[in-house]
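*Asks:* Here are the chains, one letter per residue:
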Amino acid sequence: MSNDKMVFPYIPNSVPQVKAQMLREVGASNEMDLYVEIPERLRFKRKLNLPEPIFDEYSLKCHVESLLEKNKNCKDYLNFLGAGCAEHFVPAVCDEINGRGEFLTAYGGESYADHGKWQAFFEYCSLMGELLDMDVLSCPLYDGAQAAASSIRMASRINGRKEVVIPRAMNPEISFVVKNYLKPDIIIKEAAFDKRSGLLDLEDLSTKVSSKTAAVLIENPSYLGALENQAAEAGEVARDKGAEFIVYADPISLGVVAPPAQYGATIACGDFHPLGMHMYAGGGQGGFIATGDDMKYISQFKDLMYGIAETSERGEYGFGEVLFDRTSYGSREKGNEFTGTNTGIWAITVAVYLSLMGPKGIEQTGRTIMQMSQYAAKQLSRIRGVKLRFQSPFFKEFLIDFGKTGKTVAKINKALLKHKIIGGKDLSNEFPDLGESALYCVTETKTMNDVQKLVSALKEVV
Amino acid sequence: MGRDANTLLRKFHEAKWDEQIVFEMSVPGERGILVREPEAKVIKEVGSGVAAIPLKLRRKEAPKLPEINQMRVLRHFMHLSQETLGTDVNIDISEGTCTMKYSPKVQEHLAARHPGIKDIHPLQPSETIPGLLEIIYKLEQFLKEISGMDRFSFQPSGGAQAVYTAASMMRAYHASRGDEQRRETLTTMFSHPCDAAGPATAGYKVITIMPDEEGYADLEAFKAALSKRTAGIFITNPEDTGIYNPKIDEFVKAAHAVGALCYYDQANANGMLGIARAREAGFDMCHFNLHKTFSIPHGSMGGSVGALGCREALAKFLPVPQAKFDGEKYYLDYDCAESIGKVRSFMGNVPSLVKAYSWIMQHGAEGLREAAVCSVLNNNYMLKKLSEIPGVVVPYAHGKRRLEQVRYSWEKLKQDTGVGTDDVRRRMADFGLQHYWTSHHPWVVPEPFTLEPCESYSKDDIDEFVAVLRRISKEAYDNPEFVKNAPYNSVVHKVINPNINEPERIAVTWRQYLRKKGAQKTIAQGT
Chain A
1 MSNDKMVFPY IPNSVPQVKA QMLREVGASN EMDLYVEIPE RLRFKRKLNL
51 PEPIFDEYSL KCHVESLLEK NKNCKDYLNF LGAGCAEHFV PAVCDEINGR
101 GEFLTAYGGE SYADHGKWQA FFEYCSLMGE LLDMDVLSCP LYDGAQAAAS
151 SIRMASRING RKEVVIPRAM NPEISFVVKN YLKPDIIIKE AAFDKRSGLL
201 DLEDLSTKVS SKTAAVLIEN PSYLGALENQ AAEAGEVARD KGAEFIVYAD
251 PISLGVVAPP AQYGATIACG DFHPLGMHMY AGGGQGGFIA TGDDMKYISQ
301 FKDLMYGIAE TSERGEYGFG EVLFDRTSYG SREKGNEFTG TNTGIWAITV
351 AVYLSLMGPK GIEQTGRTIM QMSQYAAKQL SRIRGVKLRF QSPFFKEFLI
401 DFGKTGKTVA KINKALLKHK IIGGKDLSNE FPDLGESALY CVTETKTMND
451 VQKLVSALKE VV
Chain B
1001 MGRDANTLLR KFHEAKWDEQ IVFEMSVPGE RGILVREPEA KVIKEVGSGV
1051 AAIPLKLRRK EAPKLPEINQ MRVLRHFMHL SQETLGTDVN IDISEGTCTM
1101 KYSPKVQEHL AARHPGIKDI HPLQPSETIP GLLEIIYKLE QFLKEISGMD
1151 RFSFQPSGGA QAVYTAASMM RAYHASRGDE QRRETLTTMF SHPCDAAGPA
1201 TAGYKVITIM PDEEGYADLE AFKAALSKRT AGIFITNPED TGIYNPKIDE
1251 FVKAAHAVGA LCYYDQANAN GMLGIARARE AGFDMCHFNL HKTFSIPHGS
1301 MGGSVGALGC REALAKFLPV PQAKFDGEKY YLDYDCAESI GKVRSFMGNV
1351 PSLVKAYSWI MQHGAEGLRE AAVCSVLNNN YMLKKLSEIP GVVVPYAHGK
1401 RRLEQVRYSW EKLKQDTGVG TDDVRRRMAD FGLQHYWTSH HPWVVPEPFT
1451 LEPCESYSKD DIDEFVAVLR RISKEAYDNP EFVKNAPYNS VVHKVINPNI
1501 NEPERIAVTW RQYLRKKGAQ KTIAQGT
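Quick note, the sequences are listed as chains A and B, same order.
Each residue of the first sequence is one higher than the one before, starting from 1 at the first, in our numbering.
Each residue of the second sequence is one higher than the one before, starting from 1001 at the first, in our numbering.
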């Protein structure tokens, strides 16, 4: 037995007799005959130097599990990190549907055999459209950062302008992407934030906006957590100069916070990770862009769009491609930017999440987050030496200033780990002028006990 | 019953639930899920919470989401999944260039369910995620060996994004040398559209080299297009025709001679694992689609990873962070002054890295080579069988072996019967097969179809697939109208006018549809 040629369960024709028969059928005397077109000089001459494989499934599973078990996860640890990827409640039905093999292993199939996939995408766009109070979305993007970057490029194509104003306090996970994506032709100007409130400095913003400005992009809530109560005014500044007003929104806030369209945004974008995905070390991100029903906008989307189309059977829903030639699939380098494999499985999950939530669920989720985050901030700021950096209203994240404790955030977070707590994001490197501050994230997944646990640990640590 | 032993055809009808759009199921008052409310003490202390939102930022009217009980939501999306022909439920040889291989369940269960990945925050301190960093680091070592490149980044979350990232790195490379005149990139028509669109997005003017009569990228035309303005070339090999370009190293040398960088789009790498590498062909950079070659599921178009490799001299431009190992511990390195920054938030699509790592660990060097050999063997076997079908043409490179896929043509069928590739494609769904991939645009091969019977498919699978195409060809010769009006056994019937370009017909959301449906019907029916 042991001398038998290896047969791989995932490679059916590795059965020697079958392979031999097929080689005969194609007139090849051996395997390398198949590769006659690859010149000798370009062939790889030795065996790949890879670890000894673990052929059997049980041992492989044990091996991978042993690696994953080395990680400290947020079920065993109490996590207060957010900054673009927050811990939210994931309904079981979301996991059930995105684990369905039909969806999980589908790809670019057409609208007949893959009708269900096309309908799920249509429903993703439709449900997000209601949440955002906007009419038009495309298939999803890689993440919120890509959505922000593409929104700006859309704006620039719409008005032909080559400057953009973004917040100086933008989430670096987004701004690093945006800064690369706008090269080489779009100039970025940064609007300052008010050091006392953490809000956008509207006056500074106004001085940066001109007739050259393609778009003003703001985050709401801001990276530092604040709800931008001057968002409408920022939008007026943009529109007064003929610029697009882009708002990067947290979709899970929109049950209680007004959607960007209702305070003047012409383009809304963001990351839909909160709507039904686990954290997956950042693997659950996905981007959306939404606009009004205007060809000026629709023609500038870069990704595929699926529209309802009539079939030969009366009353039956079918689907078709909308303005396919916009995309690089249709027009190569002449298409809008580039499109490709994005985050389809997560878009389907968002559709499931919003269908489950309905208007009441999404509203309750927003309310619970507001309550828990306010509560946590209050409790934390009662600890000696610990205070809220800003007094502005916030959604799920807020900045805690540890300056008066005489300890660095780095040191505090290290000590918290011993209490099985993962502290908020240390911002002392990104914003030295904010001192020893950490961005804490509290969502609907945190209980009163969780907050008390954090408070007790911090009291010991600081 | 069961599949007919002689014809290899089966009687099939896809699930057809005549499913409503989710909004049509709404029953006011129904709830799909209940959400946690805070403890009474919390509410006592902070009140409704919502009052803290500035009045002008408060949502005044609830979003018009449907109200549906949980079982019905589940049933609805179950129905939609059943109305989708994923690779798990069909012989997915159809989607050529996409390498629809089996995505092993064991790796899916690990990556989707284990708390050591599912419940990890991407900004956790490195010392709390040593296992993940070890997987990322080791996967990098594997891909380095498989490609011959010196470093990899897993941040690009799709092949097209990897190409774009490479173009950004080229820009940074030339700028670092003070070489600002390079404003052009070259690609070939049979390379993926992203090899044109990615560099264009990074600001480059793109020159596309057309194939010669035998389907090879034209070396002389290519050389003529190279100049001091060329920043880089983006090229696939084998191209989407499955034809391997044996002069690939001459293309690379010619590009290097003018100071350009050479990028190898390895979307078509499946037939070459352990057989030929980017390094020996002289390339500076390359990418693998982990959703194609390395078995991670295609996820209804993502998420994925375009694993981007480069030589040491370009490594300083890679996106941050990078997983490193100092001999004792694994850590994330953000300290890369010349990095282009980021193309995707955090570390990219990490669960997919766990899956690709698992697949390579389960196969080893021997298994990877076996996958490559069997994919090429399958393809050549199917090529032989399909060549015998009336109406099928195999353009280009006559008498040459193809690697892992072939771009075929129904040109003769169209001439003989009027039935074109789009018609045959629709009809396939009536036999339980995914619609095949025709070709990217513009079609260079007339009436194209591109098939890739990768190593996951047995000889019997291929025989059934061929039998279906043989049957459709016969139907086209016997009764062309029948094929033209397909499908019949799929989820829905033929869409009359599937290219939606008129503003009054565009309805990508339910709210748009409700406003436009009157106009839509009129236009769709051509009245």
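Hints are computed from structural coordinates only; laboratory data are not their basis.
Predicted model only: the values in this text are computed from it and were never measured.
We put the beta carbon where it would ideally sit given N, CA and C, even for glycine.
Incorrect hints may have been included.
[What the hints assert, rightly or not] Selected chain A positions facing chain B (Cβ under 7 Å, derived; list incomplete):
1) 101
2) 125
3) 448
[Said to hold, decoys possible] Listed below are the simulated DSBU-like cross-link pairs for lysine-lysine, each with C-alpha atoms no more than 35 Å apart in a straight line:
4) A:75 - A:334
5) A:179 - A:189
6) A:183 - B:1064
7) B:1041 - A:418
8) B:1064 - A:360
9) A:407 - A:459
10) B:1459 - A:418
11) B:1494 - A:296
12) A:45 - B:1064
13) A:334 - B:1385
14) A:296 - B:1459
15) B:1412 - B:1516
16) A:418 - B:1324
17) B:1105 - A:334
18) B:1412 - B:1064
19) B:1247 - A:420
20) A:420 - A:195
21) B:1484 - A:183
22) B:1412 - A:360
23) A:453 - B:1144
24) B:1385 - B:1316
25) A:5 - B:1223
26) B:1105 - A:407
27) A:334 - B:1041
28) B:1329 - A:195
29) A:195 - B:1056
30) A:420 - A:189
31) B:1105 - A:75
*Asks:* If a hint holds in the structure, say so; if it doesn't, say that too.
*Replies:* Consistency of the hints with the structure:
no. : hint            : verdict
1   : 101             : 3 Å, holds
2   : 125             : 5 Å, holds
3   : 448             : 4 Å, holds
4   : A:75 - A:334    : 47 Å, violated
5   : A:179 - A:189   : 11 Å, holds
6   : A:183 - B:1064  : 39 Å, violated
7   : B:1041 - A:418  : 28 Å, holds
8   : B:1064 - A:360  : 10 Å, holds
9   : A:407 - A:459   : 13 Å, holds
10  : B:1459 - A:418  : 57 Å, violated
11  : B:1494 - A:296  : 31 Å, holds
12  : A:45 - B:1064   : 63 Å, violated
13  : A:334 - B:1385  : 38 Å, violated
14  : A:296 - B:1459  : 51 Å, violated
15  : B:1412 - B:1516 : 41 Å, violated
16  : A:418 - B:1324  : 25 Å, holds
17  : B:1105 - A:334  : 40 Å, violated
18  : B:1412 - B:1064 : 52 Å, violated
19  : B:1247 - A:420  : 59 Å, violated
20  : A:420 - A:195   : 32 Å, holds
21  : B:1484 - A:183  : 47 Å, violated
22  : B:1412 - A:360  : 59 Å, violated
23  : A:453 - B:1144  : 45 Å, violated
24  : B:1385 - B:1316 : 49 Å, violated
25  : A:5 - B:1223    : 46 Å, violated
26  : B:1105 - A:407  : 48 Å, violated
27  : A:334 - B:1041  : 59 Å, violated
28  : B:1329 - A:195  : 39 Å, violated
29  : A:195 - B:1056  : 23 Å, holds
30  : A:420 - A:189   : 41 Å, violated
31  : B:1105 - A:75   : 24 Å, holds
Of the hints listed earlier, those the structure fails to meet are numbers 4, 6, 10, 12, 13, 14, 15, 17, 18, 19, 21, 22, 23, 24, 25, 26, 27, 28, 30, in rising order.
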